[in-house]
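Single-letter residue listing:
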Amino acid sequence: MLEVDALRVSAGRFRLHDVSLSVGRGECHAVLGPSGAGKSTLLAAILGVLVPETGRIRLAGADITTLPIERRGLGYVPQQLGLFPHLTVRENLVYSARARRIPAARFEPVLERLVAATGIGALLERSPRTLSGGERQRVGLVRALASQPQAVLLDEPFAALDEALRRDLWWLLRALRRDWELTILLVTHDLAEAYMLADRMTVLLDGRVAQQGDRMEIYTRPAMPDVARFLGVETLEAGRVVAAQDDLVTVEVGSARLTALGPVALGAEVLVSIRGEDVALSRTGGAGGSARNRLLARVVSLREGSPLRCVELDAGFPLYALVTRPASEELALRPGAVVTAVIKAPAVHLIPRRSG
Amino acid sequence: MSLRRATVAAALAVLAVYGGLLASLGWFLDRSALCATLTSTRMLFALRLSLLTALVAAALAVAVGIPAAYALSRFRFRGHQLVDMVLELPLVVSPAALGAMLLVFFANPFGAWIQVNVVRFVFGVAGVVLAQWVTVLGMTVRLLKTAFDEVPRELETVARTLGATQSHAVWTVTLPLASRGIVAAFILAWAKALGEFGATIMVAGTMAMRTETLPIAIYLRLSSADLPGTVALILMLVGIGLFALELTRRLLRATAHA
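Just so you know, the protein sequences line up as chains A and B, in that order. Taking numbering that gives the first Met the number 0 as reference, the numbering of the first sequence is continuous, increasing by one, and the terminal residue is 355. Taking numbering that gives the first Met the number 0 as reference, the numbering of the second sequence is continuous, increasing by one, and the terminal residue is 257.
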């Protein structure tokens, strides 16, 4: 549906390098990246605010690279400042119909359905200035969707909202996406938001695509150390492959040895990436089960988190586990306690490391 | 002395300077001279001419200023910095020098051609408007640019994704949101044009009942040592100026609460 092909864009001194991505019909694609990675520049180029130096943008097969913003068929919901403050909510919602001279008979039924689906009926005669952050974003969404775009671009739309409100709006957006078969390009730096809403992801770092693919693939198997760091992988330690047999490899990390899935060449220098929730802790040695890695570890510290508690372990290398509060209490975890850390081989992800 | 006391004292000192100057007018205030001056045909002519020329000059400044200020606010173009810098010219160059520059321009062949074939500016009412316009244009564009700067560009982008052309987005979103600033710019330009003297006297001269604006009338009265008449005219000018400022304040407040 929306295809970006080898887009190169400059904005001041910043440059976006050959970014390509594709969003299928009814799909949500998240562009993730830290501040300054080029997310907004990419969005501005797709919207038509910035002119790309090279590359093409296609929507439903049509080349829209050089079309003016208003003829691209894209909806847009910015982070804030999106509603026109001098118009009422209703006037905001019918803005696109007036601008495009769409007859009310064609526009009103769509608007009514959207208003009902988002529960903003009581806000229609109010000024946007009097709305709460959540109400504003609901109205912004409805206004963008009422213009019946072929794809919607969301620029960190819920970033300014508190956690509870954000979660409400995620569910609302998921429902709208399902019911209206929306094609969405979501720009965000919030991992939770991306995992909640997106099917596929593009991770942008320093103006380049660092990794692209299925959300779970990116979550569990970051392709580069920088991606792993950005995605907040808890354990990221240097190691070396000391044995390889069939699809299993043994990696030496600190003074410990871990079994991971290969194939990786013998002697290869790697970064060992382990998600905190993939580390199970046991006081009894974790006998039984199919997990190949059982490491005797000492608890170094515990950090409170929401909703999981982060346990720092010394397992011959620094290892981090995420456990629920009840589990932590049941295991009587405290600094100095000795536990067995159990990790399945597929949860030990190896990232190639450049030598030298 | 606390910071609060020291700074409030400085603020009150500013009031004392201008208040003192106004109060000193009372020494020469003569009620019969005041009434006679304010109802004289010459005074009414000067008032009418000032109000009208200032209105035309301010309107022209805003008309030219809106597109220019929008361009300065929204686009980066060759000569952008130069235009931005030249806006301060009327502030750093004295009005008399600006007026002299206009006279020099009309002494050039192209200026002379305009004088003969388009409008006679020098020593005419058109010259009064031109002098006022040139004096207030830079300030008006600066104020209008600030008004446009305060409207987020993002809103225009959103309007365009909703199907509005660029000009429709400006018309329906940017201009309404900048309207407070535009009205303020117009009133301040009008008030400044009303009090313009240096450039006007250079271009239009001091012809009684012809190019005699309120400031020129004050100058002429003072030149003939008519202090009560001068005071009456000053009070008239101050009254109009303060009224304009209060009107601006009220308009801005009303729009802000709309």
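No lab work stands behind these hints, which were simulated from the structure alone. Among these hints, one or two may not hold up.
[Stated by the list, open to error] To list a few chain A residues with every Cβ distance to chain B over 12 Å, as calculated:
1) R7
2) G47
3) P67
4) R71
5) E90
6) S95
7) R99
8) A121
9) L130
10) G139
11) V151
12) A237
13) G261
14) A344
[Unchecked claim] Covered, in the sense of this in silico footprint (three residues per stretch, anywhere, with C-beta under 8 Å from a C-beta of chain A), are these stretches of chain B:
15) 26-37
16) 156-164
We put the CB at the ideal spot given by N, CA and C, even for glycine.
Contradicted hints - numbers only: 2, 3, 4, 5, 6, 7, 10, 11 and 15
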